[in-house]
Structures are given as structure tokens and as C-alpha cells.
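Chemist: Following the hints, complete the assembly by docking chains B, C and D onto the known chain A.
There are 4 protein chains.
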Amino acid sequence: MGLQMDAAELAKFLDQVFPQVRGEFLVEALEEEKILMRLCVQDKHLRPGGTVSGPSMFALADCAAYAMTLARIGEQALAVTTGCSMDFMRKPAAGSDLLATCSLLKLGRTLAVCDILIHSVGMQAPVARASMTYSIPPNRSV
Amino acid sequence: MGLQMDAAELAKFLDQVFPQVRGEFLVEALEEEKILMRLCVQDKHLRPGGTVSGPSMFALADCAAYAMTLARIGEQALAVTTGCSMDFMRKPAAGSDLLATCSLLKLGRTLAVCDILIHSVGMQAPVARASMTYSIPPNRSV
Amino acid sequence: MGLQMDAAELAKFLDQVFPQVRGEFLVEALEEEKILMRLCVQDKHLRPGGTVSGPSMFALADCAAYAMTLARIGEQALAVTTGCSMDFMRKPAAGSDLLATCSLLKLGRTLAVCDILIHSVGMQAPVARASMTYSIPPNRSV
Amino acid sequence: MGLQMDAAELAKFLDQVFPQVRGEFLVEALEEEKILMRLCVQDKHLRPGGTVSGPSMFALADCAAYAMTLARIGEQALAVTTGCSMDFMRKPAAGSDLLATCSLLKLGRTLAVCDILIHSVGMQAPVARASMTYSIPPNRSV
Numbered sequence: 191m192g193l194q195m196d197a198a199e200l201a202k203f204l205d206q207v208f209p210q211v212r213g214e215f216l217v218e219a220l221e222e223e224k225i226l227m228r229l230c231v232q233d234k235h236l237r238p239g240g241t242v243s244g245p246s247m248f249a250l251a252d253c254a255a256y257a258m259t260l261a262r263i264g265e266q267a268l269a270v271t272t273g274c275s276m277d278f279m280r281k282p283a284a285g286s287d288l289l290a291t292c293s294l295l296k297l298g299r300t301l302a303v304c305d306i307l308i309h310s311v312g313m314q315a316p317v318a319r320a321s322m323t324y325s326i327p328p329n330r331s332v
Numbered sequence: 191m192g193l194q195m196d197a198a199e200l201a202k203f204l205d206q207v208f209p210q211v212r213g214e215f216l217v218e219a220l221e222e223e224k225i226l227m228r229l230c231v232q233d234k235h236l237r238p239g240g241t242v243s244g245p246s247m248f249a250l251a252d253c254a255a256y257a258m259t260l261a262r263i264g265e266q267a268l269a270v271t272t273g274c275s276m277d278f279m280r281k282p283a284a285g286s287d288l289l290a291t292c293s294l295l296k297l298g299r300t301l302a303v304c305d306i307l308i309h310s311v312g313m314q315a316p317v318a319r320a321s322m323t324y325s326i327p328p329n330r331s332v
Numbered sequence: 191m192g193l194q195m196d197a198a199e200l201a202k203f204l205d206q207v208f209p210q211v212r213g214e215f216l217v218e219a220l221e222e223e224k225i226l227m228r229l230c231v232q233d234k235h236l237r238p239g240g241t242v243s244g245p246s247m248f249a250l251a252d253c254a255a256y257a258m259t260l261a262r263i264g265e266q267a268l269a270v271t272t273g274c275s276m277d278f279m280r281k282p283a284a285g286s287d288l289l290a291t292c293s294l295l296k297l298g299r300t301l302a303v304c305d306i307l308i309h310s311v312g313m314q315a316p317v318a319r320a321s322m323t324y325s326i327p328p329n330r331s332v
Numbered sequence: 191m192g193l194q195m196d197a198a199e200l201a202k203f204l205d206q207v208f209p210q211v212r213g214e215f216l217v218e219a220l221e222e223e224k225i226l227m228r229l230c231v232q233d234k235h236l237r238p239g240g241t242v243s244g245p246s247m248f249a250l251a252d253c254a255a256y257a258m259t260l261a262r263i264g265e266q267a268l269a270v271t272t273g274c275s276m277d278f279m280r281k282p283a284a285g286s287d288l289l290a291t292c293s294l295l296k297l298g299r300t301l302a303v304c305d306i307l308i309h310s311v312g313m314q315a316p317v318a319r320a321s322m323t324y325s326i327p328p329n330r331s332v
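Protein chains in written order, with the working numbering: chain A, 191 to 332; chain B, 191 to 332; chain C, 191 to 332; chain D, 191 to 332.
Okay, chain A solo, but in the shape it has when bound:
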């Protein structure tokens, strides 16, 4: 079971289902078990001092892992976030976009697990790590 959508189809699908965040999250690359997603940092993502907020990093990790999962199970399917763990390790660089490198570690019949590493563009050390778990309801037909 390979990719059910390519990067362009996936981007179009995300824009349709999450119109309120159009332009914030960009699919930079997509492979069978990996996706690279960018958070185009805007004022609303920032804390005082110019650093990206925790909820924005959570949103990026969740969006990347959700997109990775949907790219594999197809847009008719459902995936619901059931668990998350994150480590916040460094302050993101002020004024830089964030890049999430997301690996699909498991895609089972009812559960998907992704591991995500988040970097500030231009900074070598990672700013955060996340793992996200999704429940895939058994009845996949809409």
C-alpha cells in the first residue's frame, strides 16, 4: 500500500479541509514513509520576544503527521489524533519558518504512529521532538 496522493494532491486536500489555516502549512516533500512540512511563521504564531509558541509547534507536528497518514490511507478515510508527546529543547530562531521532518513509524489497521523532528530554518540543532498517534476508525468508507 503506497501513497494514495502525491504532494500536490495532498496540499490541495489540506487546503479544502482546513481552509482557516490555508498558507500556513506547506508540504515541502513527500515520500512513502516521510513528509517534510513547513510552518510559514506569522505574527499569530509568536510569543512575546518573537519565538514561536508551543501550540504552534504542536499544530505543525499534528498537521505533518495527519498529512502523512492521510497520504497513505486516502482522503476518504478518517484519522483522529489520540495521543501526543513532545519535548521542547531549544528556543526557535526568531523570524524563521519551522520545518517538521515526519517519519511514519507504523501504519496498522487501526493505529498510525509518527515521529517528528522540528527545526528552525537555518539552525542545525532541533527545537522540538514529537510523536503523534492516530486512531483510524474501522469503517473507512464515507
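It cannot be assumed that every hint is accurate.
For identical chains, the list gives no copy identity; a pair is met inside one copy or between any two copies.
Stated by the list, open to error - With a straight-line cut-off of 30 Å between C-alpha atoms, the simulated DSS-like cross-links for lysine-lysine are:
| # | residue 1 | residue 2 |
| --- | --- | --- |
| 1 | LYS234 | LYS281 |
| 2 | LYS296 | LYS202 |
| 3 | LYS234 | LYS296 |
| 4 | LYS224 | LYS202 |
| 5 | LYS202 | LYS234 |
Since the hints were made in silico from the structure, they are not lab data. All of these numbers come straight from a predicted model, not from anything done at the bench.
Modeler: Only chains B, C and D this time, still in chain A's reference frame:
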């Protein structure tokens, strides 16, 4: 070492340091090891379908635990989110505020740990659980 | 859907399926959404210095949450640990048993979530917190 | 700040401080930000059915991350496990050792964070993922 701020002082402090979310997070009750915080749900917190988004629940858990920690260590101190784990268990009720009940499990010299249970107002079963960890930098004087 | 086993039946069942740890984990109390389980601390659970090891605390949290879940879904059913998060907050008291207070936060068709607080007997502050997630395979008949 | 011990010194140190698990955990390779550690699976690590138990996988992740951290901060230093999250994704192969690939994501003055992927020897898909957090007490001199 008891509370360094009461509920009113804490609310005022949060409004000063996070002016961009003023009116979103309300301190409903504050004790030495417990805080009750409300997310006043607005359109920007919602996913299509009317349910509160994951990042909004993360923000509520983080805000409650941060406020609990600051209420104890005082507003001159610093606390930086270093870790988080969440379980998303049920869909929040559409159109309802969320209430976070946050317990301070540990307040050490360099680490604080909080446990948070999130409910939709009027719904008995919890919608999410979180634990948040904060690093408290050694030099507390500003 | 209430308890499928009482405390005595549950203890007997655990002894049958985990004979290698017989006498280590005791069911102290059982309610519909709560279980109290004791780790009878033995030499093999200790680190140098006399404190209980991390893996032993993990085993206690897992055993308590597994037992809670099985007490509800019945011994013919299956439950597989899929996720865990723990915070280790204090050194356990040397020479004391550990008590886990485990709450069943969710029991869905395919997922169960428990929250666990671990104390050293005779010590008021908790030594660790855990959440455990179980997948319940769809076909429950053996 | 590079490695304070090489693989042989690290192995010798672990044997000294954890004599009760001598021969269970082997350092297979060590680099500045990565360690490969083997769990030599024995009967005591197994669940009925022949699969490696959850607590044994926790112990492997903890040992790998602890060893990685100590290799960098030196054997006079202290590191205490403060947090852990794990995803259990597949049943380990029966009768196979486990290999943990552990990456040091952060080594700060007071906190270290490692990410660990666990494989059964001879199996391509990972059986578990873990992240471990350590507190490094400020006074490093013994």
C-alpha cells in the same frame, strides 16, 4: 512556600504577559496545588464541524500549568515548557467552553510537573488528559 | 458495562497469565473506574542505594492499567499496550512497597486510557505519574 | 564537549554501577550523539508466548539513553530519569535480541533528551519508540 499570587493577581499577570490571548483563558479557582482554568471557546479554536482543535487544547493545558507554576514561584521567576504528553479521549461538545483542572504534582528547584484533566462544560467524561513539565532556570532573580 | 470480574477473580486471573510475577503485584481495591495495586518490593526491583528502579515502576503502572482494563472487558478479551508516558518526580522511599492508584479515563471500542499515580507507602507526595494506552483488538472472542 | 568515555570505558562503568544486569545490556557502538545498545534477551525478559515484555523494552531505552548521557557528561556526574514516553508498535520477534538506536537530541546544563528506536534483530520495522529525559543536578562534582 505557598501561593505568591492570588487568583486576581495571577489573572492580571497573565493578561500583561500574554496580551494577544486576553479574554481567552480565565482563572476560575486557585489553590496551593490546584488551578481551574477556562478556555472561552471562540471561532478561532474550532475545527470544521465545531469541535475544539488539538492545538487549542494544548494551549489550555499549557496555560493552566504555567499559571499554576507561576502562582507558586512568583512573577519574577521564569518557567519554560520542556515536555508534554496528551491523550485525546473524546470529542469536545460543540459550542461549549473547556475547563482544565490542573494539579501541581511536583515543584522542585529546577523542575515542575503538572497533571491536567480537560472537560467540556456540561459533559461528565473528560475530553483530554495532559501532563506538562517546566524547567525553572536556576537564577530566579531578574 | 460494569466490572466483568471482582478483585478476587482478577487477582486469580493475573496469577494465571503472569505466573512469573506471582506475589509481586497485589490488587488492593477495585471499583468500576479505579484500581489500587501494590508492588511488593523485592531485591530484584531495587537499584543500588535501595530505591525502586524505573522499569519496576513502569511494570507497576502497566500491570495496574492492564488489570483495570481487563476487569472491564473480561478475561476472554485482549488488550495490548500501545503507548505510555511517565514522569518520575521523587525518589521512592527505600524499603517501602509502592501503591498505584489507577483511574480508567476512557474505555472505547478499540482504545482504553488510564492515568496512574504512584506513591511509596507512608509518603504523601507522589513518586511518579503515568498514563497508559491499550489497543483492544476488534475481535474479542477467543 | 565530546565523549568523556569510549565504548569500552562506558561498558566497564555500566557493569560497575549496575552489577545486577551485567551481560544484559551491551554497548555495540558509540559516537558523539549516538549509541547502539543491545538487550541480550533472556528468559526473564519474556512474556508468555515468547515476546519481550514492556518493562524490558523500557529498561533498554532507559539504559541506552543513560549511557549516552553519561558518555558525554562523565562518570563523576549524575543523571536522573525524569520523563519518558514510549510507543509500542509491533510484537518483538520471539527469540531475538533487541537493538536500541539512541540519538542525543539535547545536552543542556540541567536537562538531556534522547530519542530511541528499538528493533528486533533481523526485523526491519521498529518494535518501539521512546524518548527519555534526564535531569542533571547542578553540582556535578562528587
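Chemist: For each hint, tell me whether it holds in the structure or not.
Modeler: Quick rundown of the hints versus the structure:
{"no.": "1", "hint": "LYS234 <-> LYS281", "in the structure": "both (17 Å within a copy, 25 Å between copies)"}
{"no.": "2", "hint": "LYS296 <-> LYS202", "in the structure": "within (25 Å within a copy, 35 Å between copies)"}
{"no.": "3", "hint": "LYS234 <-> LYS296", "in the structure": "between (33 Å within a copy, 28 Å between copies)"}
{"no.": "4", "hint": "LYS224 <-> LYS202", "in the structure": "within (18 Å within a copy, 38 Å between copies)"}
{"no.": "5", "hint": "LYS202 <-> LYS234", "in the structure": "both (23 Å within a copy, 21 Å between copies)"}
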